[in-house]
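Based on the sequences and whatever the hints tell you, model everything.
Now for the letters of each chain:
4 protein chains.
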Amino acid sequence: MSSEVSRRSIGARPNPDAADAILDAAASLLQRKGLRGLTTDAIAREARASKTTLYRWWPNRGALLLALYVRRKGSSVHEDTGSLIQDVARTYERVFRTWQNEGQLFSLIIAEAQHDDGVAEALVAFRKERVDDWLPVLRRAEERSELVDGADLEALAESIVAHAWFYLITRRLGSDPAILAARVIGPWLRKNR
Amino acid sequence: MSSEVSRRSIGARPNPDAADAILDAAASLLQRKGLRGLTTDAIAREARASKTTLYRWWPNRGALLLALYVRRKGSSVHEDTGSLIQDVARTYERVFRTWQNEGQLFSLIIAEAQHDDGVAEALVAFRKERVDDWLPVLRRAEERSELVDGADLEALAESIVAHAWFYLITRRLGSDPAILAARVIGPWLRKNR
Amino acid sequence: MSSEVSRRSIGARPNPDAADAILDAAASLLQRKGLRGLTTDAIAREARASKTTLYRWWPNRGALLLALYVRRKGSSVHEDTGSLIQDVARTYERVFRTWQNEGQLFSLIIAEAQHDDGVAEALVAFRKERVDDWLPVLRRAEERSELVDGADLEALAESIVAHAWFYLITRRLGSDPAILAARVIGPWLRKNR
Amino acid sequence: MSSEVSRRSIGARPNPDAADAILDAAASLLQRKGLRGLTTDAIAREARASKTTLYRWWPNRGALLLALYVRRKGSSVHEDTGSLIQDVARTYERVFRTWQNEGQLFSLIIAEAQHDDGVAEALVAFRKERVDDWLPVLRRAEERSELVDGADLEALAESIVAHAWFYLITRRLGSDPAILAARVIGPWLRKNR
DNA sequence: TGCTAATCGAGACGGTACGTCGTGTCTTTTT
DNA sequence: AAAAAGACACGACGTACCGTCTCGATTAGCA
Chain U
1 MSSEVSRRSI
11 GARPNPDAAD
21 AILDAAASLL
31 QRKGLRGLTT
41 DAIAREARAS
51 KTTLYRWWPN
61 RGALLLALYV
71 RRKGSSVHED
81 TGSLIQDVAR
91 TYERVFRTWQ
101 NEGQLFSLII
111 AEAQHDDGVA
121 EALVAFRKER
131 VDDWLPVLRR
141 AEERSELVDG
151 ADLEALAESI
161 VAHAWFYLIT
171 RRLGSDPAIL
181 AARVIGPWLR
191 KNR
Chain S
1 MSSEVSRRSI
11 GARPNPDAAD
21 AILDAAASLL
31 QRKGLRGLTT
41 DAIAREARAS
51 KTTLYRWWPN
61 RGALLLALYV
71 RRKGSSVHED
81 TGSLIQDVAR
91 TYERVFRTWQ
101 NEGQLFSLII
111 AEAQHDDGVA
121 EALVAFRKER
131 VDDWLPVLRR
141 AEERSELVDG
151 ADLEALAESI
161 VAHAWFYLIT
171 RRLGSDPAIL
181 AARVIGPWLR
191 KNR
Chain Z
1 MSSEVSRRSI
11 GARPNPDAAD
21 AILDAAASLL
31 QRKGLRGLTT
41 DAIAREARAS
51 KTTLYRWWPN
61 RGALLLALYV
71 RRKGSSVHED
81 TGSLIQDVAR
91 TYERVFRTWQ
101 NEGQLFSLII
111 AEAQHDDGVA
121 EALVAFRKER
131 VDDWLPVLRR
141 AEERSELVDG
151 ADLEALAESI
161 VAHAWFYLIT
171 RRLGSDPAIL
181 AARVIGPWLR
191 KNR
Chain B
1 MSSEVSRRSI
11 GARPNPDAAD
21 AILDAAASLL
31 QRKGLRGLTT
41 DAIAREARAS
51 KTTLYRWWPN
61 RGALLLALYV
71 RRKGSSVHED
81 TGSLIQDVAR
91 TYERVFRTWQ
101 NEGQLFSLII
111 AEAQHDDGVA
121 EALVAFRKER
131 VDDWLPVLRR
141 AEERSELVDG
151 ADLEALAESI
161 VAHAWFYLIT
171 RRLGSDPAIL
181 AARVIGPWLR
191 KNR
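Chains as they are written, first to last, in UniProt numbering: chain U, 1 to 193; chain S, 1 to 193; chain Z, 1 to 193; chain B, 1 to 193.
It is worth saying that the hints were derived from the structure and are not from the lab. All residues carry an ideal CB built from backbone N, CA and C; glycine is no exception. There's no promise every hint is true.
[As the list claims (entries may be wrong)] Straight-line distance between alpha carbons at most 25 Å, and here's what the computed SDA-like set of lysine to any residue pairs gives:
{"hint": "1", "chain 1": "U", "residue 1": "Lys51", "chain 2": "B", "residue 2": "Arg56"}
{"hint": "2", "chain 1": "U", "residue 1": "Lys191", "chain 2": "U", "residue 2": "Leu173"}
{"hint": "3", "chain 1": "B", "residue 1": "Lys33", "chain 2": "B", "residue 2": "Leu168"}
{"hint": "4", "chain 1": "U", "residue 1": "Lys191", "chain 2": "S", "residue 2": "Glu142"}
{"hint": "5", "chain 1": "Z", "residue 1": "Lys128", "chain 2": "B", "residue 2": "Leu168"}
[Unchecked claim] Incomplete in silico selection of chain S near chain U, CB under 7 Å:
{"hint": "6", "residue": "Pro16"}
{"hint": "7", "residue": "Ile110"}
{"hint": "8", "residue": "Phe166"}
{"hint": "9", "residue": "Thr170"}
{"hint": "10", "residue": "Arg183"}
{"hint": "11", "residue": "Arg190"}
Here is the structure:
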């Protein structure tokens with residue numbers, strides 16, 4: 001927690017500590033109680049904040065969840081092992097491990113996007129980021145001649161991401177990341193290597 | 001509606017008419033009022049059923065929504081145009097058109113699955129069905145030598161489904177089905193054809 | 001239980017065993033679960049009877065409760081110790097002890113009487129019986145010159161019963177029966193004795 | 001109604017207007033629809049209050065009914081005619097007249113008290129209040145030497161109340177209040193007056 | 001002996017109420 | 001002016017109970 005005992009007004013301007021405390025509280029609740037515990041009341045209480053403050057920072061629950069997810073996911077740097085299939089496998093492994101804990105949150109955002117256009121737009125943008133993150137890695141693989149000729153790198157990137165999300169949604173985060181990587185990347189790899 | 005005026009017990013066993021009437025009512029409400037009108041109270045009232053009956057058939061609202069979705073989507077017979085890429089494109093076209101109206105319902109089910117294990121299981125089973133639906137089509141394509149040697153048909157089937165869901169979630173149902181099909185299937189197709 | 005394993009039709013006429021079993025079951029449930037467990041569903045299940053049978057014997061829940069109470073209360077013979085105040089005290093003691101277990105049932109009947117005229121009538125008749133039961137005892141006390149001159153025996157009888165019911169309703173069954181008897185009877189007793 | 005159009009939060013503390021509005025609504029419903037119309041949903045709707053608010057003020061329906069009864073019965077000031085028997089008679093007359101309309105409500109509370117400890121406690125307290133109300137009146141009668149020597153005033157007060165409740169329960173509100181008063185008070189009165 | 005009539009257990013059904021929960025808005029009091 | 005506090009309206013959810021109904025099996029009495 002960024003502030004322990006109490007947090008008061010800091011005068012006639014918003015107090016960023018409040019927003020932090022709210023996100024911290026939400027994260028803690030998610031860890032301890034799961035999705036069902038992630039209510040606006042509980043978050044505010046946990047943060048020793050008021051719902052007024054919560055709604056001053058985010059227009060609705062979905063926006064808060066998204067902010068929470070973005071803050072928690074951290075950077076999406078992909079490794080460079082020299083082998084695309086290994087890069088993908090390691091990413092799947094890392095992402096699945098993360099999602100074991102908070103994949104629910106991501107699913108919930110998907111749901112929230114149905115009622116809230118703001119969340120929906122943010123989700124669309126988020127997808128694009130994830131896909132774009134892959135492009136440099138894929139270009140290097142292409143330079144190493146790992147890929148079939150004329151491979152559509154964006155399509156491949158999207159496929160990688162789509163499969164990750166698909167496995168999250170269908171609750172198969174326990175799958176072997178290496179096998180999944182092979183299945184997804186396989187057809188894009190040059191045969192005679 | 002399967003029965004108009006009244007519907008009574010048919011003895012010491014569930015009356016399928018009741019379940020039908022409830023699904024009919026839910027479908028009608030979805031059409032007329034949208035997702036927000038799909039409350040258990042409203043559905044029961046519309047069906048002239050009691051909530052007891054509704055909850056006898058489905059353990060919670062999510063399960064009912066899934067049943068509704070499954071029933072509405074109809075059979076998933078894939079066409080056989082003699083060209084896999086066209087088969088996939090046509091399916092995407094059909095599915096996206098359906099989802100334009102009730103994709104929300106499906107997204108909602110995904111969300112509901114996060115805090116309801118029953119719905120989650122049903123969703124997992126649903127995925128398997130969708131994937132299995134594709135296998136015969138893919139086998140025929142293989143016999144026609146459309147696919148690269150040693151193609152993992154199940155992986156391909158899963159990829160087809162994963163992309164569809166991914167596009168739904170990221171709100172890109174307006175995308176060109178043919179282009180998407182080409183991107184998904186492309187790398188699995190034999191080159192020298 | 002009057003019948004152990006199963007109880008079938010005995011032809012084209014009601015089977016009294018069924019009614020017995022239902023009352024037995026109700027009594028057992030009341031003992032074990034209290035008033036809240038005394039639902040028509042639970043009684044039927046406990047009796048291995050069907051609700052159809054239950055409602056064949058009694059038109060509604062109130063009637064069943066009343067039958068149960070009447071059967072359980074047994075005879076209301078009052079003792080004759082030679083002292084009215086002792087007679088009353090012993091009766092209060094016995095009745096309060098009984099009500100410790102099933103006074104709730106009696107209160108429930110009072111409630112049921114509000115919606116059901118049949119139960120109401122039965123309750124009125126029941127009061128009259130209780131009052132009349134006291135008259136012989138009071139007459140003997142009068143002959144022993146225990147009472148003030150010109151005592152209205154019916155009024156006294158009613159007062160005795162009214163106080164018992166009042167203590168039941170206001171949950172004071174733990175009161176000392178002798179003290180209560182003295183308070184109720186006191187003013188009716190001749191002083192110089 | 002204490003507030004007509006809208007009623008909002010008045011800060012971080014309960015708004016008594018809400019409770020008032022709820023009781024008003026309940027009273028109105030009782031008048032118009034009778035006991036069966038007195039559902040928590042209907043009361044909340046009529047009061048333009050939320051069920052949350054209703055249950056914030058009273059733990060359950062029974063408690064609300066009791067509050068309603070207490071408020072409606074008004075003050076229990078007993079008249080002082082200079083004659084105890086007349087005071088009692090007039091009170092019986094007034095109470096019986098009131099109960100003609102809402103005795104059901106009181107009976108229902110008695111019933112509710114059987115499976116709700118909160119209501120039970122309230123009912124017990126209510127009895128004590130009613131009994132205590134009588135004590136000043138009885139003391140004045142004693143000072144006027146109306147009562148026999150050494151009369152237990154509390155016992156007498158309780159007897160007065162017990163008989164009233166008894167007559168309510170056994171549906172004899174049509175009885176002559178003067179006769180009843182004479183029967184109840186008679187033995188407590190000094191003879192040679 | 002085969003037929004008829006009514007009961008029985010079983011449990012689903014319509015209807016209706018209850019009490020809980022979650023969201024987003026509001027107002028007061030304190031800083 | 002912003003913060004904590006928490007009450008508020010709205011409205012959904014899932015549970016419980018009552019009294020009615022239909023089924024298939026059962027049994028006694030009549031033909």
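For each hint, the structure was consulted:
{"no.": "1", "hint": "U:Lys51 / B:Arg56", "verdict": "holds, 19 Å"}
{"no.": "2", "hint": "U:Lys191 / U:Leu173", "verdict": "violated, 29 Å"}
{"no.": "3", "hint": "B:Lys33 / B:Leu168", "verdict": "holds, 21 Å"}
{"no.": "4", "hint": "U:Lys191 / S:Glu142", "verdict": "holds, 18 Å"}
{"no.": "5", "hint": "Z:Lys128 / B:Leu168", "verdict": "holds, 15 Å"}
{"no.": "6", "hint": "Pro16", "verdict": "violated, 29 Å"}
{"no.": "7", "hint": "Ile110", "verdict": "holds, 6 Å"}
{"no.": "8", "hint": "Phe166", "verdict": "holds, 4 Å"}
{"no.": "9", "hint": "Thr170", "verdict": "holds, 5 Å"}
{"no.": "10", "hint": "Arg183", "verdict": "holds, 4 Å"}
{"no.": "11", "hint": "Arg190", "verdict": "violated, 11 Å"}
The structure shown violates the earlier hints numbered 2, 6 and 11.
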